[in-house]
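There are 2 protein chains.
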Amino acid sequence: MSLRIGKATIAMENAVTVSAFAAVGGKKEGEGPYGSRFDYIDTDDYFGQKSFELAESAMQGLALQNLIEKRKIEPAELSMIIGGDLLDQCIGTSFGISDFNIPFFGIYGACSTISEGLSMASLLTDSGASKICAAITSSHFCTAERQYRFPLEYGGQRTPTSQWTATASGAMTVELGSEPPFVRAVTVGTIVDKGITDANNMGAAMAPAAYSTISRFFADMGYSPENFDAIVTGDLGNVGSRLLCELFDRDGVNIREKHLDCGRMIFDQNGQDVHAGGSGCGCAASMLCGYFLPEIRAGRLKNILFAATGALLSPTSSQQGMSIPAISHLAWISNERGE
Amino acid sequence: MSLRIGKATIAMENAVTVSAFAAVGGKKEGEGPYGSRFDYIDTDDYFGQKSFELAESAMQGLALQNLIEKRKIEPAELSMIIGGDLLDQCIGTSFGISDFNIPFFGIYGACSTISEGLSMASLLTDSGASKICAAITSSHFCTAERQYRFPLEYGGQRTPTSQWTATASGAMTVELGSEPPFVRAVTVGTIVDKGITDANNMGAAMAPAAYSTISRFFADMGYSPENFDAIVTGDLGNVGSRLLCELFDRDGVNIREKHLDCGRMIFDQNGQDVHAGGSGCGCAASMLCGYFLPEIRAGRLKNILFAATGALLSPTSSQQGMSIPAISHLAWISNERGE
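For the record, the sequence lines run as chains A and B.
In terms of our numbering, the first sequence opens at residue 1 and continues consecutively.
In terms of our numbering, the second sequence opens at residue 1001 and continues consecutively.
In short, the hints are calculated from the structure, not lab data.
Every value quoted in this text rests on a predicted model; they were computed, and no experiment measured them.
All C-beta atoms, glycine included, are put in the ideal place defined by N, C-alpha and C.
Hints are not guaranteed to be accurate.
Anything over 10 Å on all C-beta distances counts as not near chain A; from chain B, calculated [said to hold, decoys possible]:
hint, residue
1, Arg-1004
2, Ala-1015
3, Asp-1088
4, Ser-1119
5, Asp-1126
6, Thr-1159
7, Asp-1193
8, Asp-1251
9, Asp-1268
Sample of chain B residues with no beta-carbon within 10 Å of chain A, all distances over it, derived [claimed, not checked]:
hint, residue
10, Asp-1042
11, Glu-1053
12, Glu-1116
13, Pro-1151
14, Asn-1254
15, His-1329
List time: in silico SDA-like cross-link candidates among lysine to any residue, alpha-carbon distance up to 25 Å [claimed, not checked]:
hint, chain 1, residue 1, chain 2, residue 2
16, B, Lys-1131, A, Cys-142
17, B, Lys-1194, A, Ala-76
18, A, Lys-131, B, Lys-1194
19, B, Lys-1131, A, Ala-11
20, B, Lys-1131, A, Gln-269
21, A, Lys-27, A, Cys-142
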């Protein structure tokens, strides 16, 4: 039985492991600094489909297929899949995974989805409700632009604070086991809304949510940044990352040496024109599955906090002048099982 | 620790109870056969707001407020909230619950959301990950019409198979306890896609998903319809309900005497012009929280299967000619704790 610690943190009782992980990406992601870490890179971002929406679903199906092969199981051996994406009604996931015929819990956490999925998968694995659970998500630059901003053909100008939605998918299996990476605890995020209304400045909207959840974890567990090799956020980008560090400064806590942001890592910020960085569910998910989890398994990283952040706006809420609520879920992922 | 039985069914190890429940609805729902069962009925469906989207959020906030008062707790005593809705990016929930400052897992299951939320809440309660968990959802006729079909001002003609999205919200608290209703087991749904492409015939798209999950539960647990007072679906409506019974007929299983559908119950099908019945996340949720759970608590119903169904389409997927994937999650809710 999971042990609830403090307001929002739940520690695992059993050895919950991320037993396999797969990352799939588009052309630009393949050309980025971590391009070699992806299991598959598509050449034209269509993934053999005729629409961008179908491409996103195909990409997610490909990530799941890669995951199943790397875990060396048949699809039917998965107890359940937990997943979602940015598209209206999460169609990227529904159409991406339906052919696998696995019990499915759909989730929506915007770009925090992979943190939310990993958290839920860990909790359901720890309790015995699931034997092998897959967590999955995706994002696609072209579907996100069409839905949230403008169709690509419009050629809209991007603002300096805007971020580039990654065309990527990440998937992992969670189960009880004896090999790292282990999920040691999760912190369930609370919605934070600081009144930011600029839909081209997601980093500023999401930084307070990351701060809320990470500081909640420290308070609940009695840890500080010194206990971790890295404090990883999902897609705060340049603007949000600076804000996050400043929010911790106010508490006299310096996270600058430990903080990494997937949105700042996935693209080459000099050579690839992405303004404030990468974003999207697939950004954090592919960096987690392609880079961080392998590093922890290899022992090059011992303990990280992984806190993807999501902006819970919609085009409708933005057009109606509403602010941008944000949320961040956190998982403590470790090379060691712990006591 | 939860006991996994069969492919997709998880039985509770502990006495998981639905300790409180609240239902809020709009004017038409208040005039329906179960209008007196709602905790609050709004007079003009605006819930004091200036847009329908804000109205839906306000309605969900009101359901949560009613729930908290009926459970006689402070908001901060909730361990977490699990919720979602039909709106793009689930803004009904994000804006509806953010003021309560509770750890939140966002889910997306279309009109199966309340079944999914109740299932997850039960699993996380059974394991000790949550002490008092709220599950919540909503739908609003005017936001759903604008998003999925036409703005109301357009005055579009409705087809005979179309259903009327209920303006309603349901919320409940799940925790360990000794008083009924008890959640005895849940079955996690699998996406079913039989190729239906008519977005005005959701019942036909969803019936196979309900059949899949309910028959999975019977197979996993070794039960049959005789073991239950009622087999309740969410919003199959007249068309989908008939199809569900016919699908069971093929197996030689007669569910006609036990089958109830919230979509056929919530409106007066003679006096209220709703064509094939009610629909929407709020339809099943408000009927569960306003009618079925009180009936089970009072002992007038002993054992029911509650299987809300969701159509996982989006306007984009429909416009691109895609079929309608559907899913149904199931909870066995009982007046008795069991062995």
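*Is the nearest Cβ of chain A still more than 10 Å from the Cβ of Asp-1251/B?*
holds (19 Å)
_Consistency of the no-contact label for Asp-1042/B, given chain A and a CB cut of 10 Å_ = At about 20 Å from chain A, Asp-1042/B clears the 10 Å cut-off, so the statement holds.
*Run the C-beta distances from Glu-1116/B to all of chain A and say if the shortest one exceeds 10 Å.*
Label violated. Min Cβ-Cβ 6 Å, cutoff 10 Å.
*Quick one: work out the minimum CB distance from His-1329/B to chain A and report holds if it exceeds 10 Å, violated otherwise.*
Given that some Cβ of chain A is not farther than 10 Å from that of His-1329/B, nearest at about 8 Å, it is violated.
*Lys-1131/B and Ala-11/A: Cα distance at most 25 Å?*
holds (14 Å)
*Hey, is Asp-1088/B genuinely clear of chain A, shortest beta carbon separation above 10 Å?*
Asp-1088/B is in fact no farther than 10 Å from some Cβ atom of chain A, at 4 Å.
_If we take the beta carbon of Asp-1126/B, is the closest beta carbon in chain A still more than 10 Å away?_
violated (7 Å)
_Outside-interface status for Pro-1151/B - nearest CB in chain A farther than 10 Å_ = holds (12 Å)
*Distance restraint between Lys-1131/B and Cys-142/A, which requires alpha-carbon spacing of 25 Å or less*: The given pair, whose Cα atoms are some 42 Å apart, is violated under the 25 Å limit.
*Given as non-interface: Ser-1119/B, which should sit over 10 Å from chain A by C-beta*: Violated, because the least Cβ-Cβ distance between Ser-1119/B and chain A comes to about 8 Å, which does not exceed 10 Å.
*CA of Lys-131/A to CA of Lys-1194/B, is that 25 Å or under?*
It is violated: about 28 Å lies between the C-alpha atoms, which goes past 25 Å.
*asked:* Run the distance test for Lys-1131/B versus Gln-269/A: straight-line Cα separation, threshold 25 Å.
replied: With a Cα-Cα distance of about 45 Å, the restraint between Lys-1131/B and Gln-269/A is violated, given a limit of 25 Å.
Checked against the numbered hints given earlier, the structure breaks hints 1, 3, 4, 5, 7, 11, 12, 15, 16, 18, 20 and satisfies all the rest.
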